[in-house]
Amino acid sequence: MMKRRISMAKQFGISTILLLFFCEGYAESVFERYWENIQTTFYGSLPEPEWGNCTPSDYLLCTQIRTNESATTAMIRTHYFNGTNYDHAAQISDYIRYVGRPLIYCIGLICNTLTICVSARKELRRVATCQFLIAVAVADILILINGIFYWIEYELLIRVMTDSEVICKITVFTVYCGPQISAITLIVMSIERLVRVIDAPAHDRWFSIKKTRLYIVIIVLVMVFLNIVIFFSNIYFEECCKKVCWNIYHDSREILELHDERCNNCTTGCDDCGLPGMLEFYKVYKWVAFVIYWALPFCCLPVINGWLLYEVYLARKRSQRIEEEKSLPIHFSGSSDDGDSEGEEEREKAEKEVTIMLVLVTASYCILTTGFNFIQAGVIDVYGAQSEADLIKNSYVFSVFILLFYLNHASNFFLYCISVRPYREELKCMLKPFYECIRKPFRKISCGVCRRRDEGENDTDETPIQMSESSRSSYGACD
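According to mature numbering (1 follows the signal peptide of the UniProt record, and there is no 0), the stretch in the sequence shown is residues -27 to -1, 1 to 452, in order.
Because the hints were derived from the structure by calculation, they are not lab data.
Note that beta-carbon positions come from the ideal geometry of N, C-alpha and C, so glycine has one too.
Hints may contain errors.
[What the hints assert, rightly or not] Here are the simulated EDC-like pairs of lysine to aspartate or glutamate, each with C-alpha atoms no more than 16 Å apart in a straight line:
hint	residue 1	residue 2
1	401	96
2	215	138
3	256	284
4	142	128
5	325	284
6	366	177
7	259	354
8	142	224
9	259	224
10	216	284
11	216	233
[To be verified] Computed beta-carbon distance windows for the label pairs:
hint	residue 1	residue 2	range
12	130	82	21 to 27 Å
13	246	283	51 to 57 Å
14	211	90	42 to 48 Å
15	138	287	53 to 59 Å
16	95	194	27 to 33 Å
17	194	283	29 to 35 Å
18	184	130	45 to 51 Å
19	354	139	50 to 56 Å
Take these sequences, add in the hints, and give me the full structure.
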């Protein structure tokens, strides 16, 4: 068993190294194409930005708005700093998003799919925690798929969201609703673990599989109801001679104020104004989203998981005290309770790993989502540049925080399945048939080499070879 574990560890290490080489090769190839495309007709054929709101009075304001908004898109390189002293800095800032976002999307989609597959296996699907893990993974997949549209629109500068009002509202709805579902589900999952440690009978009553699924459905319905207003709001409009799909990622509050002012004073040609009060709605809604996605998890998760760690510590102390009271003065082997004690130790070890996993999830959530939420609430203003240096700085800040945001929804597989032994074992069992299928041809080749080597040695030397136990086991692997 030990050799098998070592073998699995070696295979995992080799696979990780190969994956890193693949990612490095992918990054290098994309990097080369990226720098080649800077001077090619692809970027050169992009239409020049049309400044102004089609009236001379708004020309200067629109110019300033679009310049500041370029900190969050590839236009900072293609339209604003191309050929200037800040050209290289703008290219690097944009390249971070140009390569980083799709790489995180691909890894996150694969890993979240594996999380669903592992948690839905027969041995785990009846566990309440795994039901919550599946819900979080589904929400994360929607967020990552939704992120692809933003990458195409704002990094490749191909109109997808601004070309269709339906796609615009679906993508904006998902970018608000998905993270909120993930955050609230994570809080309820932590509560479930706490109740399981404090009161097991109460856990069985309140977190049965049927009730757990009901909680998930309620969370989804509440978040959908809270964000459904996006489909009826005026976020798709034309301003500064451009179609705008207004979202907190890439559009400033100033362009929303400009549009709201135009609609309030509009007498003719107001087809894209829709319902009034979008600016007032945003002023309130940004804090609602901030509370649900950041403030509530930031306050609840440390308290819940801190309480959980304390309860686990007390339970361990009680268990040790009971064992000391039951221990005999003379130690003897062969006790009939050895199997039970080993099983209890394995169970406690598994519980400890799951608890550590929740603590890691809490810490990573708070670290990875703080910057994005501060941008969303306007605490960090990436649209308020007063100089070219400020614009470059804002671009770097946005690039880092947006990648951390998506990394939070792509890294749950490593926090859930890789860091916890029960889930890790299920993952191994799930992947074992594929591994054996891949390994089989190579095993035949190695066994053939071993047999030919044995035959050659037997033909040339009739003296029997004294083999060590380890060598004999190694040769036996080729039988």
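Looking at the structure, which of the earlier hints fail to hold? 3, 4, 6, 10 and 19
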